[in-house]
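Same order as they appear, the protein sequences are chains E and H. Counting in my numbering, the first sequence runs from 37 upward without gaps. Counting in my numbering, the second sequence runs from 257 upward without gaps.
Everything labelled a hint here was simulated from the structure, so no lab data went into it. Please note that the accuracy of each hint is not assured.
Claimed, not checked - Here are a few chain H residues that sit away from chain E, every Cβ distance over 10 Å (derived from the structure):
#1 G272
#2 E273
#3 R314
#4 E323
To be verified - Below, in silico cross-link-like pairs of lysine-lysine (DSSO-like), each with a Cα-Cα straight-line distance of 30 Å or less:
#5 E:K146 / E:K47
#6 E:K47 / E:K93
#7 H:K359 / E:K47
#8 E:K146 / H:K359
#9 E:K146 / E:K101
#10 H:K310 / H:K322
Cβ atoms here follow ideal geometry from the backbone N, Cα and C, with glycine treated the same way.
Spelled out, the chains give:
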Amino acid sequence: EAAVTQSPRSKVAVTGGKVTLSCHQTNNHDYMYWYRQDTGHGLRLIHYSYVADSTEKGDIPDGYKASRPSQENFSLILELASLSQTAVYFCASSGKGVSNERLFFGHGTKLSVL
Amino acid sequence: GQQVQQSPASLVLQEGENAELQCNFSSTATQLQWFYQSPGGSLVSLLSNPSGTKHTGRLTSTTVTKERRSSLHISSSQTTDSGTYLCAIENSGTYQRFGTGTKLQVVP
Chain E
37 EAAVTQSPRS KVAVTGGKVT LSCHQTNNHD YMYWYRQDTG HGLRLIHYSY VADSTEKGDI
97 PDGYKASRPS QENFSLILEL ASLSQTAVYF CASSGKGVSN ERLFFGHGTK LSVL
Chain H
257 GQQVQQSPAS LVLQEGENAE LQCNFSSTAT QLQWFYQSPG GSLVSLLSNP SGTKHTGRLT
317 STTVTKERRS SLHISSSQTT DSGTYLCAIE NSGTYQRFGT GTKLQVVP
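Let the hints inform the model, and build the full structure from the sequences given.
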């Protein structure tokens, strides 16, 4: 079973501060994703990457940056955290392209911005 | 962009009853997956079914691509089936977009 590890599991941040969420996968997957989950909105894609040193925008990229320094690691960066970014963040990975490949999720990071 | 609608929003069943969950989407899907989210929040892929019918254990998914809909049938529900069921759709060459889910509660 694919292993996707997120850190931290929860975080409290102050408005205007910088937050970095980290994700590590051990299954040699090409694709990695960052989703956020809010009540009433389901999961929405922020950024994704299909190769190291390259990232792509998802549906809601504003206010977020992403970094893929290696195949195994994918970070989500909030340069200036805002109240509206309070949510649960999920990292996921999959094999070559999403078609016919399962998504494997991490356990999520609960972020509270105060 | 792709819109994914799931129904019902919530469902309460007696243990042993069957459940039928629906997923409707606005654009052609090249990939469709059903996910289970536990009450604790963890997400697991249940099955992938972009077209036709697939079975795994007590789960059966039927996707009618032309009609842009998919269903997930859970037979003989158990209390451990309680949680949220999410449908996710991919258009060709993009990424998966999720519906808002169906929250299922199975009571003894």
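Now the hints, each set against the structure:
no.	hint	verdict
1	G272	holds, 29 Å
2	E273	holds, 25 Å
3	R314	holds, 19 Å
4	E323	holds, 20 Å
5	E:K146 / E:K47	holds, 6 Å
6	E:K47 / E:K93	holds, 24 Å
7	H:K359 / E:K47	holds, 26 Å
8	E:K146 / H:K359	holds, 20 Å
9	E:K146 / E:K101	holds, 18 Å
10	H:K310 / H:K322	holds, 17 Å
Consistency note: the structure conflicts with none of the earlier hints.
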